[in-house]
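Undergrad: What follows is the residue order along each chain.
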Amino acid sequence: MEKILLEAQDITVNYGAIKALSGFSLKLMEHEIVSVIGANGAGKSTFMNALMGMVRITGGKFFLEGSPLSSKNYKIVRSGLSLVPEGRRIFTPLTVEENLRIGAFSRKNRNEIRDDYDWIFSLFPILKERLKQYAGTLSGGEQQMLAIGRALMAKPKILLLDEPSLGLAPIIIQNIFKELKRINEQGVSILLVEQNAKQALLLSHRAYVLQTGRLLKEGFSRDLLEDSDIKAAYLGQSS
Amino acid sequence: MKRNIILILIGLALALWPLGGYQEGIIILMCINCVAAMGVSILTGFTGIFTLGHAAYMALGAYTAAILTVRYGISVFPSILAGGFMAILVAWLIGLPTLKLTGDYYAIASLGLCEAIRLILENWQSFTRGSRGFPGIEPYTTRGFAVTIFIFLAIITFNFLESRLGRELKASRDDGVAASLMGFDTHKSKMKALVISAFYCGISGALLGGYMGFIQPSMFDMMKSTELTAVVVFGGLGSLSGTILGSAAITLIMEYFRDISQYRMLIYGLLLVIIMVFRPEGLLGSREIWDLKMGVKK
Numbered sequence: 001m002e003k004i005l006l007e008a009q010d011i012t013v014n015y016g017a018i019k020a021l022s023g024f025s026l027k028l029m030e031h032e033i034v035s036v037i038g039a040n041g042a043g044k045s046t047f048m049n050a051l052m053g054m055v056r057i058t059g060g061k062f063f064l065e066g067s068p069l070s071s072k073n074y075k076i077v078r079s080g081l082s083l084v085p086e087g088r089r090i091f092t093p094l095t096v097e098e099n100l101r102i103g104a105f106s107r108k109n110r111n112e113i114r115d116d117y118d119w120i121f122s123l124f125p126i127l128k129e130r131l132k133q134y135a136g137t138l139s140g141g142e143q144q145m146l147a148i149g150r151a152l153m154a155k156p157k158i159l160l161l162d163e164p165s166l167g168l169a170p171i172i173i174q175n176i177f178k179e180l181k182r183i184n185e186q187g188v189s190i191l192l193v194e195q196n197a198k199q200a201l202l203l204s205h206r207a208y209v210l211q212t213g214r215l216l217k218e219g220f221s222r223d224l225l226e227d228s229d230i231k232a233a234y235l236g237q238s239s
Numbered sequence: 001m002k003r004n005i006i007l008i009l010i011g012l013a014l015a016l017w018p019l020g021g022y023q024e025g026i027i028i029l030m031c032i033n034c035v036a037a038m039g040v041s042i043l044t045g046f047t048g049i050f051t052l053g054h055a056a057y058m059a060l061g062a063y064t065a066a067i068l069t070v071r072y073g074i075s076v077f078p079s080i081l082a083g084g085f086m087a088i089l090v091a092w093l094i095g096l097p098t099l100k101l102t103g104d105y106y107a108i109a110s111l112g113l114c115e116a117i118r119l120i121l122e123n124w125q126s127f128t129r130g131s132r133g134f135p136g137i138e139p140y141t142t143r144g145f146a147v148t149i150f151i152f153l154a155i156i157t158f159n160f161l162e163s164r165l166g167r168e169l170k171a172s173r174d175d176g177v178a179a180s181l182m183g184f185d186t187h188k189s190k191m192k193a194l195v196i197s198a199f200y201c202g203i204s205g206a207l208l209g210g211y212m213g214f215i216q217p218s219m220f221d222m223m224k225s226t227e228l229t230a231v232v233v234f235g236g237l238g239s240l241s242g243t244i245l246g247s248a249a250i251t252l253i254m255e256y257f258r259d260i261s262q263y264r265m266l267i268y269g270l271l272l273v274i275i276m277v278f279r280p281e282g283l284l285g286s287r288e289i290w291d292l293k294m295g296v297k298k
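If you read the sequences in order, they're chains A and B. Be aware that the first sequence starts at 1, since it is given in the numbering used here, and climbs by one per residue. Be aware that the second sequence starts at 1, since it is given in the numbering used here, and climbs by one per residue.
Worth flagging that the hints you see were computed from the coordinates, not collected in a lab. Careful, some of the hints might be misleading.
[Claimed, not checked] With a Cα cut of at most 27 Å, we get these calculated DSS-like pairs of lysine-lysine:
{"no.": "1", "chain 1": "A", "residue 1": "Lys75", "chain 2": "B", "residue 2": "Lys2"}
{"no.": "2", "chain 1": "B", "residue 1": "Lys2", "chain 2": "A", "residue 2": "Lys155"}
{"no.": "3", "chain 1": "A", "residue 1": "Lys157", "chain 2": "A", "residue 2": "Lys75"}
{"no.": "4", "chain 1": "A", "residue 1": "Lys181", "chain 2": "A", "residue 2": "Lys198"}
{"no.": "5", "chain 1": "A", "residue 1": "Lys72", "chain 2": "B", "residue 2": "Lys188"}
{"no.": "6", "chain 1": "A", "residue 1": "Lys231", "chain 2": "A", "residue 2": "Lys198"}
{"no.": "7", "chain 1": "A", "residue 1": "Lys181", "chain 2": "A", "residue 2": "Lys27"}
{"no.": "8", "chain 1": "A", "residue 1": "Lys128", "chain 2": "B", "residue 2": "Lys192"}
{"no.": "9", "chain 1": "A", "residue 1": "Lys231", "chain 2": "B", "residue 2": "Lys2"}
{"no.": "10", "chain 1": "A", "residue 1": "Lys108", "chain 2": "A", "residue 2": "Lys72"}
{"no.": "11", "chain 1": "A", "residue 1": "Lys198", "chain 2": "A", "residue 2": "Lys217"}
{"no.": "12", "chain 1": "B", "residue 1": "Lys100", "chain 2": "A", "residue 2": "Lys72"}
{"no.": "13", "chain 1": "A", "residue 1": "Lys181", "chain 2": "B", "residue 2": "Lys2"}
{"no.": "14", "chain 1": "A", "residue 1": "Lys72", "chain 2": "A", "residue 2": "Lys61"}
{"no.": "15", "chain 1": "A", "residue 1": "Lys72", "chain 2": "B", "residue 2": "Lys2"}
{"no.": "16", "chain 1": "B", "residue 1": "Lys188", "chain 2": "A", "residue 2": "Lys231"}
{"no.": "17", "chain 1": "A", "residue 1": "Lys132", "chain 2": "A", "residue 2": "Lys198"}
{"no.": "18", "chain 1": "A", "residue 1": "Lys217", "chain 2": "A", "residue 2": "Lys61"}
{"no.": "19", "chain 1": "A", "residue 1": "Lys132", "chain 2": "A", "residue 2": "Lys75"}
{"no.": "20", "chain 1": "B", "residue 1": "Lys188", "chain 2": "A", "residue 2": "Lys108"}
{"no.": "21", "chain 1": "A", "residue 1": "Lys108", "chain 2": "A", "residue 2": "Lys132"}
{"no.": "22", "chain 1": "B", "residue 1": "Lys2", "chain 2": "A", "residue 2": "Lys132"}
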């Protein structure tokens, strides 16, 4: 049995009277890719924000390697979680290089940081060409790559991605997902929240399906890809 | 490195160029204003927090240095530093509750703070001599001294803005949420910016006292505060060289038009309007002056 890296127990989040997430539990093992899929308003992003301490949870607990996770978001980042936020949120008035350096903010070892630059350039060579350019001038796909690179500069144990396919052309999405696989093979666990169910299921080892804040199904991604309900509801194929 | 050398050369030119007494005074004033403007630039230009109360920190620096040198006979340099640290202390106390405010609300709070400190100085007669002012300050701000401090702080500031801390401030300015996702404690970042900017203003105030030989609370009123922020906006938010240029330009214009002093405010206002119309992003925008030459576009 592999080690459990991240565990969410019975997470409940309310926005006023509305229950955005009720009693959702999730496990992420070491070296695993797990995706959370679901339609709009299913609570996917809420879960991500709750995990990163951006929204207050009403009930439940998060554990990282067995110990409870802080509720302050900057402490969560320092403990080894790094989120690529929805809509990328890169610092557009700063250069690509500055964006990457900001990602390494919580680290001290300069040599390691320098090595990680090279690692990120090997994943996304285009970033090296654009190093001195302002991030706002990049194309959507390049911005997404920069956002992923920036998150990786924190040298996270777990890379979290919220809708990395948002607003990108299919070919770019495929590219980015391919790199995510490589990142995972190099030892980073990945937790992915996606509307693009097919891509997410093809990439991940296991998946959770959310519907209006509740867990609908969970299982191995390849099984879910064949599941007739999932096919009908999320993959756009009739069974 | 090249930049530091250029700054030192500018400093040497400012300090050693043979000039008459009046011109020398203008240079001293320019340096004093630039130091305060750099402080406000760190907070407003690079951290994105608008302030309308930084004259209060100048007042604190000026009064601390004046009282320490005149009344307690402490030597000049420690007194000026004490002025800076007094500003830090007060800024920290004030920042704790108010920097949780976002958007324009901090500006309003800072406005109140500025008036409060001025009124305390005005009414604490036994200690500050109130609105009669505080005379007899030793004229310790010579041209060489003012230029040295200005250039020294300018070099530090330019380098600091490219450091880890500088990036931290810029990140929380551009996107607070994303910055906290990078592991920044954004409240703390803002505190750092406020405290540093207060220190600059405190030093600047202490120098002003040493130049004028006399200070009074009305020198540090709301007009002075808005002037500080206006100069930063004039030079371009997020451009330190812009701030310095803007501050120097405004000081020069205000001084050279002293003969027609009744029209001075008119010219000042006109200048601000011209900038707003033709360069709404300020003199240099958010670029530094050497970026212009390279033609870097945002």
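Undergrad: If a hint holds in the structure, say so; if it doesn't, say that too.
TA: Hint check results:
no., hint, in the structure
1, A:Lys75 <-> B:Lys2, "violated, 39 Å"
2, B:Lys2 <-> A:Lys155, "violated, 34 Å"
3, A:Lys157 <-> A:Lys75, "holds, 14 Å"
4, A:Lys181 <-> A:Lys198, "holds, 15 Å"
5, A:Lys72 <-> B:Lys188, "holds, 13 Å"
6, A:Lys231 <-> A:Lys198, "holds, 9 Å"
7, A:Lys181 <-> A:Lys27, "holds, 19 Å"
8, A:Lys128 <-> B:Lys192, "violated, 32 Å"
9, A:Lys231 <-> B:Lys2, "violated, 63 Å"
10, A:Lys108 <-> A:Lys72, "holds, 21 Å"
11, A:Lys198 <-> A:Lys217, "holds, 15 Å"
12, B:Lys100 <-> A:Lys72, "holds, 15 Å"
13, A:Lys181 <-> B:Lys2, "violated, 44 Å"
14, A:Lys72 <-> A:Lys61, "holds, 14 Å"
15, A:Lys72 <-> B:Lys2, "violated, 42 Å"
16, B:Lys188 <-> A:Lys231, "violated, 48 Å"
17, A:Lys132 <-> A:Lys198, "violated, 36 Å"
18, A:Lys217 <-> A:Lys61, "holds, 21 Å"
19, A:Lys132 <-> A:Lys75, "violated, 30 Å"
20, B:Lys188 <-> A:Lys108, "holds, 18 Å"
21, A:Lys108 <-> A:Lys132, "holds, 23 Å"
22, B:Lys2 <-> A:Lys132, "holds, 19 Å"
The structure does not agree with the numbered hints 1, 2, 8, 9, 13, 15, 16, 17 and 19 stated previously, though it agrees with the rest.
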